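First to last, the protein sequences are chains L and P.
Every letter in the first sequence is one number past the one before it in my numbering, and letter 501, counting from 1, is 505.
Every letter in the second sequence is one number past the one before it in my numbering, and letter 267, counting from 1, is 271.
The reader is advised that the hints may include incorrect statements.
Remember, identical chains collapse to one label, so a pair may be satisfied in a single copy or spanning two.
[Said to hold, decoys possible] Below, in silico cross-link-like pairs of lysine-lysine (PhoX-like), each with a Cα-Cα straight-line distance of 20 Å or less: (1) K695 - K558; (2) K232 - K111; (3) K595 - K695; (4) K158 - K341; (5) K53 - K695; (6) K674 - K275.
Honestly, the hints are just simulated from the structure, not real lab data.
From a predicted model like this one, the values you see are computed outputs, not experimental measurements.
Residues per chain, in single letters:
Number of protein chains: 2
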Amino acid sequence: MTNLSINTNVPNYPSFKSSKRRIIYNDFSTIDWTLDSQKERERQQEIKKLTGYSGFISQLFEMCQESFIIILVGCITGLFAGFIDITEGWLSNMREGYCREGFYLNKQFCCWLESDCTDWVEYNDSSFLGTIFGFLVYCILGLLFAVVAAILVKEYAKYAAGSGIPEVKTILGGFIIHRFLGFRTLIVKCLGLVLSVASGLSVGKEGPSVHLACCIANITSRLVPKYKGNQANRRELMSAACAAGVSVAFGAPIGGVLFSLEEVSYYFPHKTMWKSFFMAMIAAITLQIINPFRTHKLVLFQVELNRDWFGFELPIFILLGVLGGLYGVLFIKMNLKVIKYRRTSWISNHPIAEVACIALVTAIISYQFNFLSGGTAELVANLFRECKEIEGDFHGLCSNSYAQNIFLLLLVAVLKAVFTIFTFGIKVPAGIFIPSMAVGATVGRAIGMVIQAIYDAFPNFWVFASCPGGECVTPGTYAIIGAAAALGGVTRMTVSLVVIMFELTGALSYVLPIMMTVVIAKWIGDTYGGESIYDALIHLNGYPFLSSELKRGKAATAADLMTSVEDLVCIQSEGQTIQSLDTIYRENRYKGFPVVTADNLIIGYFGRAELLSSIQTFTQATQTQSNAIHFQPSFSLFDDSIDFQSWMDTTPMMVHPQMMQETVQELFIKMGLRYVLVARNGVLKGIITKKDLLRHFN
Amino acid sequence: MTNLSINTNVPNYPSFKSSKRRIIYNDFSTIDWTLDSQKERERQQEIKKLTGYSGFISQLFEMCQESFIIILVGCITGLFAGFIDITEGWLSNMREGYCREGFYLNKQFCCWLESDCTDWVEYNDSSFLGTIFGFLVYCILGLLFAVVAAILVKEYAKYAAGSGIPEVKTILGGFIIHRFLGFRTLIVKCLGLVLSVASGLSVGKEGPSVHLACCIANITSRLVPKYKGNQANRRELMSAACAAGVSVAFGAPIGGVLFSLEEVSYYFPHKTMWKSFFMAMIAAITLQIINPFRTHKLVLFQVELNRDWFGFELPIFILLGVLGGLYGVLFIKMNLKVIKYRRTSWISNHPIAEVACIALVTAIISYQFNFLSGGTAELVANLFRECKEIEGDFHGLCSNSYAQNIFLLLLVAVLKAVFTIFTFGIKVPAGIFIPSMAVGATVGRAIGMVIQAIYDAFPNFWVFASCPGGECVTPGTYAIIGAAAALGGVTRMTVSLVVIMFELTGALSYVLPIMMTVVIAKWIGDTYGGESIYDALIHLNGYPFLSSELKRGKAATAADLMTSVEDLVCIQSEGQTIQSLDTIYRENRYKGFPVVTADNLIIGYFGRAELLSSIQTFTQATQTQSNAIHFQPSFSLFDDSIDFQSWMDTTPMMVHPQMMQETVQELFIKMGLRYVLVARNGVLKGIITKKDLLRHFN
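With the hints as constraints, model all of the structure from the sequences given.
Take a look at the structure:
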């Protein structure tokens, strides 16, 4: 270590390398984007300087490492998704029956090449005992899976619970949450996700897939120097990983890129879009090769629709949009209430028991409804399909009477909504996409059936004049639109949602109705409900996330936002020693300290973590407890004072006290700043931190 | 006017309203984003303050005006697109024949409800004279249309020439180009576009559609106060209009939103995405209602593909990607050469003659090739289709021998490429999308036919093992992928291009191949060619556009980038009069002047345009030529000095001389700054302008 360097530069503007600055990231601290950007440039220049054989190798490696990591993360994400799909299918099937050929075969593989499938034995053989036995196995295995998932989460990785998207969003916003993207979280989340989905709980795997992909990106990125020491670069890779996660969860690579852009990422320049696009593609190709469903489709519920829509359907689409928006508002409100109650009541001490109860209730009730017993994804898949496409009529969806089906579907929708409200937030990996879509799709299909019943009864009604005879009503399309509306209401996605629905269904001619419904659902949701579920959770958890939207309040200047200099603890640049700094550190809890001269002229800014680290370094390394410290270039050659410049931000962003709050906000949002010093003629007047801003506008 | 205000505030931080700042935008000046943002907040607050009946009306109007304008712009864009589609179709048909029922009917309407269509008379009736007459009419009308388009552009609106996307991009980047988005440009571009497309020139209508939509947005936005005086708000609306333009040109609303995001817009926050989405939808619905092609499809070449792809096709897709990338590189290089030659040679003085020559040559050659004579969009549409879908076999595309067709298609591709190189840049409205797609599609279809020929000859070749018998090769899909590759090579679009291809073709199962091809084309293009055609044109035209990508050079600080204070002309805050300011204005050509005290402490920044305007105001309004001027709050109540604060930026952004260049760049890129003052302890050290940055990194 060369901390005791003697600075011999006597220039007008000393060429002090601020990227040599040491910076310490604690848990829940913010990263310094611009410093990382400087570091990246210097790393690139170091490599360009190398010559000869080793230089060539280094430069080649530099060229390849980024593509290598993107391809690697994409492939691993695809592999994980394949593993999850296959294992989850096997475990789900296990609750219904077993294969005579071997217990390790799921229903599909067991019946491979057999038309009547005699090797697959269902527990429920319609006899009295069989019915009871089937019911018991279904419930007990469901309970078991859920409890194992909850134990895994509780014992090994608490961050594996839930969807993970609010946290990923916060991390991409520039925060450090240690262990959230670690190896242990990855493994537990993967296994837990398989178990929680297979247990029949009302959970999806999209959010968790995004979390998994980010874990993979975070772990893999440590392999190469470009990402290893650079948190900003790593966040770029994670933005791409979000795209890959959705790409494999939904089989929607483009939708994934847009999801990352619209919903998750904080900073998404063109080159990140390009990387996301590339990684989402690699992940999708990997999953295509694994072919987990043996259908050459990427997801279970990929359908293809080629129908046109008619004018009389417009009001129904609008109705679906309104219903979706209202569902979103209601769901978020109720879900937050449940979460808050859970946290403040005795339930918070018994997470596993809670999971067990919910899993058991879900299993018992679901078993009574054919539509629910097979899992949420299968339900959605069948609701989306046209009647002629549905294999085995899916429990009478197309053959039973309209009245019966409509009633059943509405009941299922209500049950699903209630399950989801209680489930989203318990301590197992759980996504919100598929359950939301299921609620919307059941309601949509039910409404579609109502319309079909009307059409069947009055085919010559003038309303149907725009439909030139034949197939006027396709309930499947209403299910698709209903699913989009409900998901739109809950997540407030727009473009990405339409593209995802588009990639799922190939409903080219339905783009306009889907767009319309999503617009209405979002509008209703924003007007009556405020935030999306993810933003609401970020808020509820108190994550330090600064929305990228400019908040407009009443007129204010930097002076109004700042903590005034009178209330600050500043480090005087003259006469400090290690001991005096240590005292300042211990006696104050502030996150950082401006360094000023006796006249309050700003010299720099010292972060709390860096202060501790610098004090420790010198306390351990040297016996210079009482040596003087200098924070500015020292011009004497034989000075024994210690140079603290490298621990300090020597060029903090400064603003005028009269600067308008919009500009200050934009500085924080767009530059990703952590603090801004307010100064006039170089004299410190105050400091504005991200917290000040959050306090002022939230 | 209350310019002679006497400032009576004596606070620590005077509550000076910087949004009352007067700012003057000259042609090619940059807008001040943050000032506009402040103005918007204050406007909103003014309205909130209103009470009673008029307050209610104002607030209601405030709520509705944005949606109203978005819907209005969307509708008008849809109407214009419908008008262009219908008129262009009619004019194009006019070159081939006429309707006995009336000359105002195009072929489609003339043949309405007739199967054999006896009312439509083609000039070329296959007799000797008929052939010659048909040829002459075809060429003369083509020439006439092109020349009229060129005259319109030359005489009435020079900005209507070309695609308009580079300029729109520059404008959205924050620049002012007067008259570029005016009413006259709108009308001339619309008529000129119809004529230039109908003339058979190798031009598309996508770029011009975007320009048209922006004109409509710009003109319409003047109706309401939210946009009238606010350039930043207006740019947001224009970003949305770009989406609407592509939406109607391609029938791809989502693709339009992404095009705006990826290719054109500079600043695209979530609420802009949401507005773009909404406007693109309205525009598409309007066009759908107009139904210009009477097919219930949004565009001429909307097809629907439902085939899967096979493993053996992968290398061919990769080949198409490589060819597309290389075509892009070659096209941009050649096109720029032609444009540069045109500008420096005598041709520049004869734009109409040049258009006439190119139109005539294009018409004469196109008439010899059946594929070319019908227009580019029709060619692309038919190349995309499967053989069984193509009406009338499109000049033997599916019936002639492979060898003949392959040769013809390749020849057509070369001709089309050459035409486009010479055409893109002449003084008529001209887009680049459709011609690029045509080149790619012809090559793709030709390659598809080669593969089909191989398959027909050796159906049992091991390569085809992955294809389970039957239809293994669909040349139409290769045309689609080829088109995507060529367009990707020329424009370097990624996500938006895939979504556009997706919306055009509904090729759900081809998403991965299209993605792959686009990735390869972009990679090849970026590696061997540098910029996209739009960026290259921005560069060539010297538009002051700052790319949103961070440029990394060698280590530099703000001090290295700045123009040093010694080389600057500063306004001393003390002792200035109108006369002395006038002298400073006339004796210097600088774009702005820092205002400093005798000690070089920064007080503010005075822009050149504002300086002129303030001088003129006071010279005309008062007889106070020799009155003193104050730039800082004046504390004496009975001071007759003139307050110049409102003309000045009193809180300019200041940076430390040692600040790293990355941070400075990011300040300019993300905050949309126009200048930054470099200061140390409040003392001016220099100034960095956008030009300094462009000079340093380009």
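Right, here's what the structure says about each hint:
1. K695 - K558: within (19 Å within a copy, 35 Å between copies)
2. K232 - K111: neither (44 Å within a copy, 65 Å between copies)
3. K595 - K695: Only inside one copy: K595 and K695 sit 11 Å apart there, 38 Å across copies, limit 20 Å.
4. K158 - K341: neither (23 Å within a copy, 67 Å between copies)
5. K53 - K695: This pair counts as neither: shortest intra-copy Cα distance 42 Å, inter-copy 29 Å.
6. K674 - K275: both (17 Å within a copy, 16 Å between copies)
Checked against the numbered hints given earlier, the structure breaks hints 2, 4 and 5 and satisfies all the rest.
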